[in-house]
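**Student:** So you can see what is in the structure, the chains are spelled out below.
Protein chains: 2
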Amino acid sequence: MSITFTIAPHSPNLVGALQTKIDQKTKPLGSLGQLEDLALQIGLCQNSLTPEINKPSILIFAGDHGIAESGVSAYPQSVTAQMVANFLQGGAAISVFARQHQIELLIVDAGVKTDLANHPKLIKAKIGHGTQSFLTQPAMTAEECDKAIITGARLVSDRHQQGCNCIGFGEMGIGNTSSAALLMHKLTHTPLADCVGRGTGLDDAQLLAKLAILQQAIAHHGDIQTPLAVLATFGGFEIAMMVGAYLQAAELGMLIMVDGFIASSALLVAYRLYPQVLDYCIFSHVSHELGHKTLLAYFNRNALLNLDLRLGEGSGIALAFPLLQSAVLFLNDMASFEEAGVDH
Amino acid sequence: MSITFTIAPHSPNLVGALQTKIDQKTKPLGSLGQLEDLALQIGLCQNSLTPEINKPSILIFAGDHGIAESGVSAYPQSVTAQMVANFLQGGAAISVFARQHQIELLIVDAGVKTDLANHPKLIKAKIGHGTQSFLTQPAMTAEECDKAIITGARLVSDRHQQGCNCIGFGEMGIGNTSSAALLMHKLTHTPLADCVGRGTGLDDAQLLAKLAILQQAIAHHGDIQTPLAVLATFGGFEIAMMVGAYLQAAELGMLIMVDGFIASSALLVAYRLYPQVLDYCIFSHVSHELGHKTLLAYFNRNALLNLDLRLGEGSGIALAFPLLQSAVLFLNDMASFEEAGVDH
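Listed in order, the protein sequences are those of chains A and B.
Residue numbering for the first sequence follows the working numbering, starting at 1 and increasing by one per position.
Residue numbering for the second sequence follows the working numbering, starting at 1 and increasing by one per position.
Treat the hints as calculated values from the structure; they're not laboratory data.
Note that CB positions come from ideal geometry on N, CA and C, so glycine has one too.
Honestly, I wouldn't trust all of these hints.
If you want the footprint, here are the derived chain A segments under chain B, 3+ residues with CB under 8 Å [claimed, not checked]:
#: 1; region: 147-159
#: 2; region: 332-338
Only pairs whose alpha carbons sit at most 25 Å apart, straight line, appear in this in silico SDA-like list of lysine to any residue [to be verified]:
#: 3; chain 1: B; residue 1: Lys113; chain 2: A; residue 2: Lys126
#: 4; chain 1: B; residue 1: Lys293; chain 2: A; residue 2: Gln82
#: 5; chain 1: B; residue 1: Lys21; chain 2: A; residue 2: Ser157
#: 6; chain 1: B; residue 1: Lys293; chain 2: B; residue 2: His189
#: 7; chain 1: A; residue 1: Lys126; chain 2: B; residue 2: Gly341
#: 8; chain 1: A; residue 1: Lys121; chain 2: A; residue 2: Ser157
#: 9; chain 1: A; residue 1: Lys124; chain 2: B; residue 2: Lys55
#: 10; chain 1: B; residue 1: Lys21; chain 2: A; residue 2: Asp203
#: 11; chain 1: A; residue 1: Lys121; chain 2: B; residue 2: Lys121
#: 12; chain 1: B; residue 1: Lys55; chain 2: A; residue 2: Lys293
#: 13; chain 1: B; residue 1: Lys21; chain 2: A; residue 2: Pro76
#: 14; chain 1: A; residue 1: Lys293; chain 2: B; residue 2: Lys21
#: 15; chain 1: B; residue 1: Lys21; chain 2: A; residue 2: Ser70
#: 16; chain 1: A; residue 1: Lys21; chain 2: B; residue 2: Arg301
#: 17; chain 1: B; residue 1: Lys21; chain 2: A; residue 2: Pro9
#: 18; chain 1: B; residue 1: Lys121; chain 2: A; residue 2: Ala335
#: 19; chain 1: A; residue 1: Lys21; chain 2: B; residue 2: Asn306
#: 20; chain 1: A; residue 1: Lys293; chain 2: B; residue 2: Pro28
#: 21; chain 1: A; residue 1: Lys121; chain 2: B; residue 2: Asp343
#: 22; chain 1: A; residue 1: Lys293; chain 2: A; residue 2: His189
#: 23; chain 1: B; residue 1: Lys121; chain 2: A; residue 2: Gly341
#: 24; chain 1: A; residue 1: Lys124; chain 2: B; residue 2: Gly341
#: 25; chain 1: A; residue 1: Lys293; chain 2: A; residue 2: Ser157
#: 26; chain 1: A; residue 1: Lys21; chain 2: A; residue 2: Ala335
#: 27; chain 1: B; residue 1: Lys113; chain 2: A; residue 2: Met1
#: 28; chain 1: A; residue 1: Lys121; chain 2: B; residue 2: Thr294
#: 29; chain 1: B; residue 1: Lys293; chain 2: A; residue 2: Asp37
#: 30; chain 1: B; residue 1: Lys293; chain 2: A; residue 2: Gln34
#: 31; chain 1: A; residue 1: Lys293; chain 2: B; residue 2: Asp308
#: 32; chain 1: A; residue 1: Lys293; chain 2: B; residue 2: Leu202
Make a model of the complete structure from these sequences and hints.
**Tutor:** What follows is the structure in structure tokens.
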């Protein structure tokens, strides 16, 4: 990788002061549950007793996958570009939820097969017209993978320069649960069958076929082990861009909101390169997609929502975002026992 | 009970049309998980394919409990009135979260021991200066219980007349997890030990003492079975008011947001009187308080959030509220496959 990152783990300096501030709020000790852990994490990310969320942003990375030609998805590859148009027109789930919470939403063409028309919300950063099928060759070259990571990092730096300190990454790419399953299998050694789910809605027979295809791909490529080699061989352009995006966001000390299975598989690569990236990550939800719960356990982290979502697009991030705001608001605005004159 | 309610169960007329509308949105079938169930329920509550949430409101019912003198809580009874003042000053958790989501917040003095000063957000509806201790006598008379139910119903009608169609009920009352545990035990026949939790933060010895006190109370009153007799014997004024509030809200076809353990124990009484009240209820969260998960299973319902909250005040309602908005927004604003020109 031709780019390196400098990610500082959290300083423990403020742990005591933040916990004391939380404990002195007018509520029984610990009674805000996971929201208290979240407030502590956000305070540590910003190294502040009065953290704030500024200009929250979601980038959706879109890319096509050669493997989609082999019948691993319930939808045709053309849907990737069609859904990008839907995001831009404001009709997708993530469009609706991002509007609801005033989250900036930008779409990145990381490698959609089709050439896309210009649009103010579309960032054209195509690495290629879809990946190669990893059934017969690596999905991308090492150079393409490197370029994607650098591009993801640059896009996050751009948002940061605009004043954004809280960012999340969504994805769109027909076939990309197959990539995510292989990244998880190769980098965590979880049995493949426990990494492969129904994606957009495969039936039992289609699920078995998907599993067989992925086993064939693993056999074809043999013993690949390093995170970057696994990423280039089985990944997607949108996934590789997310890797760079996570690492750059952590380097900049931003709050990072993590979406579902595919977003977490990209984080897995980033984590294997720089484990301290996790300090900055808030897991928005646990997906219905098989494997995500296991992946969260691998990270040893809880998610905020458990609503059986399996949509991608960053939809879980947008739905969980108000909880981040709530954590910051209770830390900053709730009265202490002393301020309110409440016995304790 | 001198008041009766007419609660219509959901008409199944729109089930098919609502499900079709949900399924035609630009997303894989079922991929918004529990949010899809929620959209369906809200559509059925309003008997509409384009439901809307208007003037959401939370009423916090506050009352004191004679049993609090017996050491069942980590806090003294004086905290009830002090917390009411904190709600009114805007410093409590629910104050912060209600402001965040522009939910109207009103406090009802259902039976606080102290006399409270006037305040524009305080509704004075005191049934008594705290309940009697149910260790030695019924917490309230049948007449007081009746009056509380009628008052709760009237307050909900007032909100409805102001244009509110989505309401939630919080509570504040030192000692009221003891009432809630006894209501649950008597009305669901769950073993008492599985209904009694740590409330505001009891240690192991205090928890055992709480359990012993409640066993003594059960023995003292003998075989009480009807929902209203159980409510009058072991309940609180704030709990009885919530019973009337739930039933009136259901009669008016309002969306009802249910908070944690105590709020659910009041709903249990309402449910035993009019089971169809559940059609209108959205469970905001599953509490950390022992017993709440069992109570949700008794209702056969899932909750939206599982964040180990155990604060009461309606805090879980406010935190879950954006998910109700999201359900309505995706149903109304997301593009269909046809509208967006996406293959499926």
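**Student:** Each of the hints needs a verdict: does it hold here or not?
**Tutor:** Results of checking the hints against the structure:
Only when three residues or more bring their CB closer than 8 Å to a CB of chain B does the claim for the region 147-159 of chain A stand; here the count is 0, and the claim is violated. Remark: the region 332-338 of chain A is confirmed as covered by chain B, as 3 of its residues place a Cβ nearer than 8 Å to a Cβ of that chain, reaching the required three. Distance hint between B:Lys113 and A:Lys126 is unfulfilled; the C-alpha atoms sit about 68 Å from each other, more than 25 Å. Between B:Lys293 and A:Gln82 the CA atoms are separated by roughly 42 Å; this puts the pair beyond 25 Å, and the hint is violated.
Restraint check: the Cα-Cα separation between B:Lys21 and A:Ser157 comes to about 40 Å, which exceeds 25 Å; the hinted pair is violated. Restraint check for B:Lys293 and B:His189: the C-alpha separation of about 15 Å stays at or below 25 Å, so the hint holds. Distance restraint check for A:Lys126 and B:Gly341: the Cα-Cα separation of roughly 23 Å lies within the 25 Å cut-off, and the hinted pair is therefore satisfied. Of the pairs offered as hints, the one joining A:Lys121 and A:Ser157 holds, with about 17 Å between alpha carbons and a cut-off of 25 Å not exceeded.
A distance of roughly 42 Å separates the Cα atoms of A:Lys124 and B:Lys55; the hinted pair therefore is violated under the 25 Å criterion. Only pairs whose Cα atoms come within 25 Å are accepted, and B:Lys21 paired with A:Asp203 is accepted, the gap being roughly 23 Å. Between A:Lys121 and B:Lys121 the alpha-carbon distance is near 44 Å, which puts this suggested pair outside the 25 Å criterion. Taking the CA atoms of B:Lys55 and A:Lys293, the gap is about 37 Å. The hint is violated against a cut of 25 Å.
Only pairs whose Cα atoms come within 25 Å are accepted, and B:Lys21 paired with A:Pro76 is accepted, the gap being roughly 22 Å. At most 25 Å may separate the alpha-carbon atoms for a hinted pair to count; A:Lys293 and B:Lys21 exceed this at roughly 30 Å. Of the supplied pair hints, the one linking B:Lys21 and A:Ser70 is violated, its CA atoms being roughly 31 Å apart against a limit of 25 Å. At roughly 36 Å between alpha-carbon atoms, A:Lys21 and B:Arg301 are farther apart than 25 Å, so this suggested pair is violated.
With a CA separation close to 47 Å, the supplied pair B:Lys21 and A:Pro9 exceeds the 25 Å bound. For the hint linking B:Lys121 to A:Ala335, the alpha-carbon distance of about 18 Å falls within 25 Å, and the restraint holds. At roughly 24 Å between alpha-carbon atoms, A:Lys21 and B:Asn306 fall within 25 Å of each other, so this suggested pair holds. For the hint pairing A:Lys293 with B:Pro28, the CA-to-CA distance comes to about 20 Å; that is within 25 Å, so the pair holds.
The suggested pairing of A:Lys121 with B:Asp343 holds, with an alpha-carbon distance near 23 Å, which does not exceed 25 Å. Distance restraint check for A:Lys293 and A:His189: the Cα-Cα separation of roughly 15 Å lies within the 25 Å cut-off, and the hinted pair is therefore satisfied. Restraint check: the Cα-Cα separation between B:Lys121 and A:Gly341 comes to about 19 Å, which is no more than 25 Å; the hinted pair holds. Note on A:Lys124 and B:Gly341: the hinted pairing holds, with a Cα-Cα distance of about 22 Å set against a maximum of 25 Å.
A distance of roughly 30 Å separates the Cα atoms of A:Lys293 and A:Ser157; the hinted pair therefore is violated under the 25 Å criterion. Among the hinted pairs, A:Lys21 with A:Ala335 is consistent with the structure: their alpha-carbon atoms are about 10 Å apart, no more than 25 Å. Proximity of B:Lys113 to A:Met1 is assessed by CA-CA distance (about 68 Å); at most 25 Å being required, the pair is judged violated. Restraint check for A:Lys121 and B:Thr294: the C-alpha separation of about 47 Å exceeds 25 Å, so the hint is violated.
With a C-alpha separation of about 22 Å, the suggested pair B:Lys293 and A:Asp37 falls inside the 25 Å cut-off, and the hint holds. Pair hint B:Lys293 plus A:Gln34 holds up; C-alpha atoms about 17 Å apart against a cutoff of 25 Å. Restraint check for A:Lys293 and B:Asp308: the C-alpha separation of about 18 Å stays at or below 25 Å, so the hint holds. Between A:Lys293 and B:Leu202 the alpha-carbon distance is near 32 Å, which puts this suggested pair outside the 25 Å criterion.
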